[in-house]
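Novice: The hints should help you fit chain B onto chain A, whose structure is shown.
2 protein chains.
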Amino acid sequence: MTDYLQIWEDLGLDIDRHNTLLDILPGVYQDVYLSQENRPEGMKYFDFVVSEIHGLRVKELVEHKEKGGKVFGTFCVYVPDELIIAAGGAAVGLCGGTDFSIPAAEEILPRNLCPLIKSAFGFKVSRTCPYFEVADLVVGETTCDGKKKTWEIFGEHAPMYVMELPQCKEEGDKELWFHELYRFKDKVEEVTSNTITSENLIEAINIVDARRAALQRLFDLRKSDPTPISGLDALLISQIYFYDEPVRFTNQVNELCDELEERIQKGEGAFSKGTTRMLTAGTPMAIPHWKLHNIVEKSGAAIVCEESCVGTRSLTGETESKGDSLDDLLESIGERQFKINCACFTPNDERLDDIIDLAREYKIDGVIQYVLQFCQPFSIESVKVQQALEKAGIPSISIESDYSMEDVGQLQTRIEAFLEVVG
Amino acid sequence: MTDYLQIWEDLGLDIDRHNTLLDILPGVYQDVYLSQENRPEGMKYFDFVVSEIHGLRVKELVEHKEKGGKVFGTFCVYVPDELIIAAGGAAVGLCGGTDFSIPAAEEILPRNLCPLIKSAFGFKVSRTCPYFEVADLVVGETTCDGKKKTWEIFGEHAPMYVMELPQCKEEGDKELWFHELYRFKDKVEEVTSNTITSENLIEAINIVDARRAALQRLFDLRKSDPTPISGLDALLISQIYFYDEPVRFTNQVNELCDELEERIQKGEGAFSKGTTRMLTAGTPMAIPHWKLHNIVEKSGAAIVCEESCVGTRSLTGETESKGDSLDDLLESIGERQFKINCACFTPNDERLDDIIDLAREYKIDGVIQYVLQFCQPFSIESVKVQQALEKAGIPSISIESDYSMEDVGQLQTRIEAFLEVVG
Chain A
1 MTDYLQIWED LGLDIDRHNT LLDILPGVYQ DVYLSQENRP EGMKYFDFVV
51 SEIHGLRVKE LVEHKEKGGK VFGTFCVYVP DELIIAAGGA AVGLCGGTDF
101 SIPAAEEILP RNLCPLIKSA FGFKVSRTCP YFEVADLVVG ETTCDGKKKT
151 WEIFGEHAPM YVMELPQCKE EGDKELWFHE LYRFKDKVEE VTSNTITSEN
201 LIEAINIVDA RRAALQRLFD LRKSDPTPIS GLDALLISQI YFYDEPVRFT
251 NQVNELCDEL EERIQKGEGA FSKGTTRMLT AGTPMAIPHW KLHNIVEKSG
301 AAIVCEESCV GTRSLTGETE SKGDSLDDLL ESIGERQFKI NCACFTPNDE
351 RLDDIIDLAR EYKIDGVIQY VLQFCQPFSI ESVKVQQALE KAGIPSISIE
401 SDYSMEDVGQ LQTRIEAFLE VVG
Chain B
1 MTDYLQIWED LGLDIDRHNT LLDILPGVYQ DVYLSQENRP EGMKYFDFVV
51 SEIHGLRVKE LVEHKEKGGK VFGTFCVYVP DELIIAAGGA AVGLCGGTDF
101 SIPAAEEILP RNLCPLIKSA FGFKVSRTCP YFEVADLVVG ETTCDGKKKT
151 WEIFGEHAPM YVMELPQCKE EGDKELWFHE LYRFKDKVEE VTSNTITSEN
201 LIEAINIVDA RRAALQRLFD LRKSDPTPIS GLDALLISQI YFYDEPVRFT
251 NQVNELCDEL EERIQKGEGA FSKGTTRMLT AGTPMAIPHW KLHNIVEKSG
301 AAIVCEESCV GTRSLTGETE SKGDSLDDLL ESIGERQFKI NCACFTPNDE
351 RLDDIIDLAR EYKIDGVIQY VLQFCQPFSI ESVKVQQALE KAGIPSISIE
401 SDYSMEDVGQ LQTRIEAFLE VVG
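Protein chains in written order, with my numbering: chain A, 1 to 423; chain B, 1 to 423.
Looking at chain A on its own, in the form it has when it is part of the complex (with noise of 0.2 Å):
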């Protein structure tokens, strides 16, 4: 990738460090990835996504930003990239999922705070990752009390700006985030310097509803037996739904959707028929945090769906208009998005129909629910989850974690046992 030396010299990386984590990833990649067997031919593109993970893509947005573009780096399923596409803007998410840039976030942040966070933050003071750096503006949110509060530091080191994302879905809750997604449409066309009109909002709901289809499409497919895919694969598909340009990666995963559907009729799968198959429950899962993954597939069980914001939470359907001005898009973009059930409301039942509905969707055996360490909000709501598989007869687990491989063989053992009682 020496190529892009010059793109990362002018974004201010690291160069050294950033050489290092680097160096890390094709060896990771190869074991988890590469090491798979019947894999669909489809995955070529996303592999070549992941060998060209600080390159190809940020160069394109490089060049963007040359033509005048601007670019928006986001957090959260629940800031709309319509917004910023209809203002001619790119988004890219920036979750971290890798401990690597975690040291440099515990020299400024509490230890005790979520890995996705400070691998985030981590990235952002260390200077190694590009996407941080080729933003123009960082949107955070509110969702939960680490990210609130990290913002307010981060907007130290870079133009930040954030949503308030209320804690019930009230009435009033819904008048206060279309308010918010008004004022970001504001701040979006002051960064963008274009104005969002309902043509170029249409056409980006158009998009974005799009990608979401052909995720959607694609966790379908997984409803088969056998998987047509594994679950690594398709996580890795969910991770790249937020960086890669939108329609590319759509026409690629229809693309490989089309593959898919033929190895159905042919009953070929990643898996053979009669595996065992999981769901995962719980928190985000940034690339390149593979970690469950790769233990729960190596140990011989698919995984066939994540309930997860890298996973179904970003398929909530298709944006239902309610009409063409700017307030019924706006409005039909806050609809959608509030039937996004995140941990960080109260209460939130939904959620709890809505794995329950998952795992029979998916004809699961077993859910594992996973939550990294020190988030409140899906920690606590665990208890709830547990309770509502139990009375559902569902067997399941509880495991959190962070992005360290210090507790790989402890979570294998749980793991294994795990899938002997459900196997």
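There could be a bad hint or two in this list.
As the list makes no split between identical chains, a pair holds if one copy fits it or if it spans any two.
Think about it this way: if two alpha-carbon atoms lie no more than 27 Å apart in a straight line, the pair counts; the simulated DSS-like pairs of lysine-lysine are [stated by the list, open to error]:
1. K384 with K187
2. K174 with K339
3. K187 with K65
4. K339 with K363
5. K391 with K363
6. K363 with K187
7. K67 with K266
Note that these hints are calculated values from the structure, not bench results.
Specialist: Frame of chain A; chain B shown alone:
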């Protein structure tokens, strides 16, 4: 306290476990409080309140209920006692301050959660606190992730109501909170079967304002050198503020203040003139969490102010009424509350200003930031507080702790080292 056995039995307490709890307190109180020298006479009342910790006040509340009154348990200064009192209800703070009840909580809740929440939750599920059992309604709020999500599980064990506190202080947030005040008013009316009128609300506001003014008077007197009262004693009064009968409490605090004024005139104090003066800033210290104050004052320094909900964040001045209609009164309650600069808000720079102002007003030598373990809002905000204090040239130390006694030796060493530097 055997006189109260019948009451505790009627409330359904686990009597054996409760006896164990009550057996612990006198020895601790002797060591921490009664061993202090130069205590004001007026502390006798508060010593008495502690000696009757689960006795007299509980009896009063039971009698209040026998007369048809209702009891509301609360956890936050954002829950307006005024509305409860206006409807003839009694408000009692339910925050938990002891690790005695934490193991019961950890059977259900995750361990990585602040001790205050675990202690409170543990009291409820182990039936060892009569205040939880006497409450007709427990009123929570969405101040932090830990509380917000715990209420969902708490609600399985007690009648629970949650107020949605917004996360910012913009116009839309004020509207949301104003709406929440109205919703709470309706709930209080429903529970008490009494109507809140502008007349009884004005009366209640006066009661609550007078209580706040008395505590403010006490705090103002602590600005003197020598301080007329120890930090330990002042902390105790701030703790009792949350559950004592408000009018009696107000009178007792004012009586104590009369005595303290005399002491000041005579140049007498709890410590000698010139003693190192400390401000604590951070999370609340619920009764009987006296650990930090005990360590600091037994090390020879005086704590002269607590920037905390159990402290200055309860002291946001008189309610400035804009008129006598219910609308006016509710708005003025909300406006007063919005001066409370809790770390649950973002941004919360006003709190940085508050701390610097307090440091100057109370002529302190150093600030001890105190954060309960796993309290992410205050823990992350402590980074900004430290920056602000450094900029202002005020020495500070940051301490994270919990209710256990395991870290006392280590804290003592750190605090003594800090006192040597600033003393």
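Novice: As a check of your reading, is K363 near K187 (CA-CA no more than 27 Å) within one copy, between copies, both or neither?
Specialist: neither (44 Å within a copy, 43 Å between copies)
Novice: Have a look at K339 and K363 and pick one of within, between, both or neither, based on CA distance no larger than 27 Å.
Specialist: For K339 and K363, the Cα distance is within 27 Å only inside one copy (23 Å; across copies 53 Å).
Novice: State whether the alpha carbon distance between K174 and K339 is at most 27 Å within one copy, between copies, both, or neither.
Specialist: Answer is both: 12 Å inside a copy and 25 Å across each meet the 27 Å cutoff.
Novice: Cα distance capped at 27 Å. Does K187 pair with K65 within a copy, between copies, both, or neither?
Specialist: within (18 Å within a copy, 54 Å between copies)
Novice: Can you give me the call for K391 and K363, within, between, both or neither, at a CA distance of at most 27 Å?
Specialist: within (17 Å within a copy, 59 Å between copies)
Novice: I want to check one pair: K67 and K266. Are their C-alpha atoms no more than 27 Å apart within a copy, between two copies, both, or neither?
Specialist: neither (47 Å within a copy, 76 Å between copies)
Novice: Regarding K384 and K187, is the shortest C-alpha distance of 27 Å or less found within a copy, between copies, in both, or in neither?
Specialist: between (38 Å within a copy, 26 Å between copies)
The structure is inconsistent with the numbered hints 6, 7, although it conforms to all the rest.
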